[in-house]
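S.K.: The chain contents come next:
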Amino acid sequence: MTRRARGLSGGQWIAQYASPTLVIIALLALWEVAASVGWLRPILFPPPSRLARSLYELATDGYPEGVTLWVHFGITMQRILTGYAGALALAVPLGLVIGCVPLLDRLTVPVVAFSRSVATLSLLPLAIVWFGTGEGSKMFLIGYGCFWVMLSNVVAAVQQVDPLLIRAAHSMDTGRLGIFTRVLLPAALPRMFAGARVSLGVGFMVIVGAEMIGTIKGLGALIMEARTFYRNDITMVGMALLGVIGMLIAVMLQRIEAWLLPWQSRERR
Amino acid sequence: MTFGPSMATPQFKIEVDHLGKRFDSDGPALPPVLDDIQLKVAENEFVVLLGRSGCGKTTLLNIIAGLERASSGEARVDNRVVTRPGAGKGMVFQQGALFPWLTARQNVEFAARNRGVPRGERGLRSAELLALVGLTGAQDKYPSELSGGMQQRVAIARALALDPDILLMDEPFGALDELTRIEMQNELLRVWAARRKTVVFVTHSIWEALMLADRIVVMAARPGRIVLERCISIMRPRVITDPALLQLHKEIWEALQ
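First to last, the protein sequences are chains A and B. Position in the first sequence (first residue = 1) + 4 = the numbering used here. Position in the second sequence (first residue = 1) + 35 = the numbering used here.
Just so you know, these hints were derived from the structure itself, not from any lab. Treat each hint with caution, since some may be false.
Unchecked claim - Some chain A residues flagged as far from chain B (calculated, every beta-carbon gap over 12 Å):
#, residue
1, W17
2, E36
3, L44
4, V113
5, F135
6, S175
7, M176
8, G179
9, N236
10, P266
11, W267
What the hints assert, rightly or not - What follows is a list of derived Cβ distance ranges for each label pair:
#, chain 1, residue 1, chain 2, residue 2, range
12, B, D175, A, S126, 46 to 54 Å
13, B, D175, A, W74, 43 to 51 Å
14, B, T118, A, D166, 22 to 30 Å
15, A, V255, B, P272, 31 to 39 Å
16, B, E180, A, V202, 53 to 61 Å
17, B, G123, A, M81, 54 to 62 Å
18, A, I260, B, K75, 32 to 40 Å
19, A, L108, B, R230, 24 to 32 Å
For every residue, glycine included, the Cβ atom is placed at its ideal position computed from N, Cα and C.
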């Protein structure tokens, strides 16, 4: 996208993109220098030039041998997206129902608050007993983490809909179904999207732990495997790649949001 | 001469008959929100309910709208007891209550759809109404992009899209600055002249009531009741310096004490 299309002047463009990039480059340079003059021990803090070589090694030969970056990347992406999508598919309809029925909300509040507060990774041993060390336990952990966060957000989204809007729709003799589909849903969407973003963040916190057991594929497994052999360079590359996936999905969600909620993005402008 | 339903045409568009309202949460010790209200509104009459906050004027409006139930007595529209919204009643709220995810035009179309206007005609109908309230250029803007006054214009257009006989307005200009407020009062009178409706308008501004009303109904609180009714036959547009209005202002002011 061109500068003009985004409506940014030269000064704004520098402030938004150029300056932060310079900061990153400066930090990397400092790191490189610090490692080469001996302020940082390269074995503990491999310099950026070393990381670049490791990245190349990872992309071609793979680590462990034969499992390339692309495999790790693809597997992790797949696990996160399936677990996340499954969690949303369950949490959204359930949350809508609970949000609409105050009695159900009163009944489920303690369960939701408790389940949400259980640190997901503490379920790892149980998950392995229940679902084995394969894909099942990983999906379960990611799904579990995402589900409760999303559920409580959907419930809150429905409950926080401005009652005046419901009254207005009611005064126009909108039927019950109409009030749900034409008023409640669109009114709750922004908060639901916020919940989806938070929930995805949880998915990322869980994935590394979930991939620590029973697999050598996936970025979490890569990080653990490298740690065992003091390959801090590989661990760091794995971390960075997780960051890249996180950013990619966040940008994707932002695009979907801007497309689905045009009134929100226009507000911010 | 035939004795059809036309013979039963009521003399009044709205009749409020011995109406009382008490909230369950209030308990029996508190006086009722509304106590034995009697009110008749003629077709195409512009009635203003005036009173301090808490006098029950909004509750009375909501009961006429069918959004709330009376505890005793009843409200009738066209001789039929009001039990639910719709059926020829359009409502305008203080905060506009526009749907933020819809553009001005789509907000009006929402109401047109409820009125049963076929899909193909909704756009035209909405454009017409938005033009009537002076909003032709801003049709595709979202409410957040409109000023408070413009939002209320959309809200009025939306209420009109229901093609109602009755317009119920709950402090519609209460959140606007004074200049915009005066502008909107004149706009409302212009629209009302173009599309005659029975209007029940709630406000706590004496001057607003004096500028707009055919009849002012002054209410007092605890228990909510009518303490004064005055008809105003002065031609519109009215000027604030009119001695008759000043006299009325004094009388209403005293009734509100």
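S.K.: Look at each hint and say if it fits the structure.
M.R.: Cross-check of the supplied hints:
1. No Cβ of chain B approaches the Cβ of W17 of chain A within 12 Å, the least distance being about 25 Å, so the stated non-interface status holds.
2. Once the 12 Å rule is applied to beta carbons, E36 of chain A is consistent with being away from chain B; the minimum gap is 48 Å.
3. With a cut of 12 Å on Cβ distances, L44 of chain A stays outside the contact zone with chain B, its closest approach being about 50 Å.
4. Under the 12 Å C-beta cut-off, the non-interface status given to V113 of chain A relative to chain B holds; the minimum distance is some 22 Å.
5. Chain B leaves F135 of chain A outside its interface by the beta-carbon criterion, the shortest separation being 40 Å against a cut-off of 12 Å.
6. The non-interface label for S175 of chain A is inconsistent with chain B: the shortest C-beta to C-beta separation is roughly 4 Å, within 12 Å.
7. Consistency note on M176 of chain A: stated as away from chain B, yet its beta-carbon is not over 12 Å from all of that chain's, at 5 Å minimum.
8. Taking the minimum C-beta to C-beta distance to chain B, about 9 Å, the non-interface status of G179 of chain A is violated against the 12 Å cut.
9. The claim that N236 of chain A is not at the interface with chain B holds, since no C-beta of that chain comes within 12 Å of its own (minimum 49 Å).
10. For P266 of chain A, the requirement that its beta carbon stay farther than 12 Å from each beta carbon of chain B is not met, with the minimum near 8 Å.
11. In this structure W267 of chain A is not separated from chain B by more than 12 Å, as the shortest Cβ-Cβ distance comes to only about 4 Å.
12. One distance hint, 46 to 54 Å for the beta-carbon pair D175 of chain B and S126 of chain A, holds here, with the actual separation near 52 Å.
13. Between D175 of chain B and W74 of chain A the beta carbons are some 45 Å apart, a value that agrees with the proposed interval 43 to 51 Å.
14. At about 25 Å, the beta-carbon gap between T118 of chain B and D166 of chain A stays in the expected band of 22 to 30 Å.
15. Between V255 of chain A and P272 of chain B, the C-beta spacing of about 56 Å breaks the proposed range 31 to 39 Å.
16. The hinted range of 53 to 61 Å is not satisfied by E180 of chain B and V202 of chain A, whose Cβ atoms lie roughly 28 Å apart.
17. Take G123 of chain B and M81 of chain A: their Cβ atoms lie about 57 Å apart, and the range 54 to 62 Å holds.
18. I260 of chain A and K75 of chain B have their C-beta atoms about 55 Å apart, which leaves the hinted 32 to 40 Å range violated.
19. Checking the proposed 24 to 32 Å range against L108 of chain A and R230 of chain B shows it is violated: the Cβ atoms sit about 45 Å from each other.
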